[in-house]
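Colleague: Starting from the given sequences, assemble the full structure and let the hints guide the process.
Protein chains in written order, with numbering that gives the first Met the number 0: chain P, 0 to 288; chain L, 0 to 110.
Calculated from the structure, these hints are not laboratory results. Do not take every clue at face value.
[To be verified] Just so you have them, the derived chain L footprint on chain P, three or more residues with Cβ under 8 Å:
1) 13 to 23
2) 55 to 61
[To be verified] The list that follows gives simulated cross-link-like pairs (lysine to aspartate or glutamate, DMTMM-like), each with its CA atoms no further than 25 Å apart:
3) Lys-59/P to Glu-20/P
4) Lys-18/L to Glu-67/P
5) Lys-18/L to Glu-211/P
6) Lys-59/P to Glu-66/L
7) Lys-251/P to Glu-144/P
8) Lys-87/L to Glu-67/P
9) Lys-60/L to Glu-3/P
10) Lys-251/P to Asp-235/P
11) Lys-60/L to Asp-75/P
12) Lys-60/L to Glu-20/P
13) Lys-16/P to Glu-3/P
14) Lys-18/L to Glu-74/P
15) Lys-251/P to Asp-218/P
16) Lys-60/L to Asp-66/P
17) Lys-61/P to Asp-30/L
18) Lys-60/L to Glu-74/P
19) Lys-60/L to Asp-18/P
20) Lys-60/L to Glu-23/P
21) Lys-87/L to Asp-30/L
22) Lys-16/P to Asp-45/P
Note that the structure is predicted; figures quoted are calculated from it, not measured. For every residue, glycine included, the Cβ atom is placed at its ideal position computed from N, Cα and C.
Here is how the chains run, residue by residue.
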Amino acid sequence: MLREFFYRIGALFHRSKLDREMDEEMQYHLERETEENLRRGMNPEDARRSALRSFGGVLKAKEQSRDERGLRPLEDIWMDLRYGVRSLRKNPGFTLTAVLTLALCLGANLTIFAVVDSILLRPLPFPDADQLVTVFNTYPKAGVERDGSSLTNYYERRGNVNAFSELAAYREGTAIIGEAGSTEREQIMRVSPEFFATLGVGPATGRAFTDEETAYQTDGVAILTNAYWRQHLGADPNVLGREIRVDGFQKKVIGVLPPSFLPLLTGTALPPPFVQPRGSLTRPATYGK
Amino acid sequence: MTNPNTDHLHGALDLLVLKTLDTLGPLNGWDIANRIQQISEDVLTLNQGSLYPALQRLLTKRWVASEWGTSENNRRARFYRITASGRKQLAKETQEWERFTAAVVRILQTN
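Modeller: Dropping the structure here:
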């Protein structure tokens, strides 16, 4: 069985040689038969015709031989493929459109899946992630379903809502990071000191923020995401204590986050959330646990 | 033998070809067709073209092998010879064929 299979596979690759040999073989047969007829005394024309008659259909014999030889279904697929490629080549406009459409669809699919995967399918990279919630303010009469909360809200909830074992506030934004002449706009997050305790994951090196560092005068500290530390500071092992400039202010690096921490963030994480004097945190505001 | 399109007749033609090659040694297609006709005293008139699909079938199953050589009238021709597994198959099919014909004969002889 196996040897037969290998023979059939081999026949696929030598089709034109096998066809040539088959032609030659049948040609030989007809000539030989004609000769024999001549020897029996027929005239050349009759000899030839009689040979063809006793052979039967030459084309049919060839077709049947091919059927016996190879893997007919595979051969058919191969022919279809070749035909397909030829027609595509004849209509470059159509081909281009079809290929681009396919490429776009595949790309869109991939992107959507990547987002869905990271947001919906994968659990958040924190211990007890299923207990984490985001707290929004809602204003039903104004038709606002989700809004950020103010600092007052935050402190009130921190003191009075027993349902949360831990509560932290954060605010996302962007900042200009770097010295004059070589600055870059990065995504940052301003967080309250309890932020890391609430999520259950802190800096991989260094320390988290303290309560004292939430004041306007003493907030000159920053914690870097792992990606920022690698890409902009060359993964400097002595990064703790280094100064970086954020929106013009000197900040001292006091920690670096582990690589798994909040992959959505690219820049630094800064304390305190309260740089805005009126305390109007406009973005989704509070993590509770 | 004019319509070798059923399995049974396929088998019969294969058997005749194997037997011819086993008895006479390497032959080309034309020889095989003529020997079969000759030995059967023209009872079996082969539709000669149908011999080639049969030979290809036997080649595919590796019961015969083929190589190109020179014919008795000094032309390039393809010669077939039976292989070891072809001989095994021949023995098996001969036996089956005998059982089959014996059964048919027994039935025909009942009154």
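Colleague: Decide, hint by hint, whether the structure agrees.
Modeller: Hints versus structure:
1. Here's how the segment 13 to 23 of chain P fares: 3 of its residues keep a CB closer than 8 Å to some CB of chain L, so the rule of at least three is met and the hint holds.
2. Counting residues of the segment 55 to 61 of chain P whose CB lies closer than 8 Å to any CB of chain L gives 6, so the stated coverage by that chain holds, three being the minimum.
3. A distance of roughly 16 Å separates the Cα atoms of Lys-59/P and Glu-20/P; the hinted pair therefore holds under the 25 Å criterion.
4. The straight-line distance between the Cα atoms of Lys-18/L and Glu-67/P is roughly 20 Å, inside the 25 Å bound, and the hint therefore holds.
5. This hinted pair does not check out: Lys-18/L and Glu-211/P have alpha carbons roughly 104 Å apart, beyond 25 Å.
6. With a C-alpha separation of about 24 Å, the suggested pairing of Lys-59/P with Glu-66/L holds against the 25 Å cut-off.
7. In summary, the hint linking Lys-251/P to Glu-144/P is not supported, as the alpha carbons are separated by about 38 Å, beyond the 25 Å threshold.
8. Only pairs whose Cα atoms come within 25 Å are accepted, and Lys-87/L paired with Glu-67/P is accepted, the gap being roughly 21 Å.
9. Using a Cα cut-off of 25 Å, the hinted pair Lys-60/L and Glu-3/P holds, with the two alpha carbons roughly 5 Å apart.
10. Distance hint between Lys-251/P and Asp-235/P is fulfilled; the C-alpha atoms sit about 14 Å from each other, no more than 25 Å.
11. Taking the CA atoms of Lys-60/L and Asp-75/P, the gap is near 21 Å; set against the 25 Å cutoff, the hint holds.
12. This hinted pair checks out: Lys-60/L and Glu-20/P have alpha carbons roughly 19 Å apart, not beyond 25 Å.
13. For the hint pairing Lys-16/P with Glu-3/P, the CA-to-CA distance comes to about 19 Å; that is within 25 Å, so the pair holds.
14. Between Lys-18/L and Glu-74/P, the direct Cα distance comes to roughly 32 Å. Violation of the 25 Å bound is thereby established for this hinted pair.
15. Taking the CA atoms of Lys-251/P and Asp-218/P, the gap is near 9 Å; set against the 25 Å cutoff, the hint holds.
16. Between Lys-60/L and Asp-66/P, the direct Cα distance comes to roughly 13 Å. Compliance with the 25 Å bound is thereby established for this hinted pair.
17. Under the criterion of a C-alpha separation no larger than 25 Å, the hint pairing Lys-61/P with Asp-30/L is consistent with the structure, at around 19 Å.
18. Among the hinted pairs, Lys-60/L with Glu-74/P is consistent with the structure: their alpha-carbon atoms are about 19 Å apart, no more than 25 Å.
19. A distance of roughly 18 Å separates the Cα atoms of Lys-60/L and Asp-18/P; the hinted pair therefore holds under the 25 Å criterion.
20. Between Lys-60/L and Glu-23/P the CA atoms are separated by roughly 22 Å; this keeps the pair inside 25 Å, and the hint holds.
21. Between Lys-87/L and Asp-30/L, the direct Cα distance comes to roughly 23 Å. Compliance with the 25 Å bound is thereby established for this hinted pair.
22. For the hint linking Lys-16/P to Asp-45/P, the alpha-carbon distance of about 32 Å lies beyond 25 Å, and the restraint is violated.
Hint compliance for this structure: hints 5, 7, 14 and 22 are broken, all remaining hints hold.
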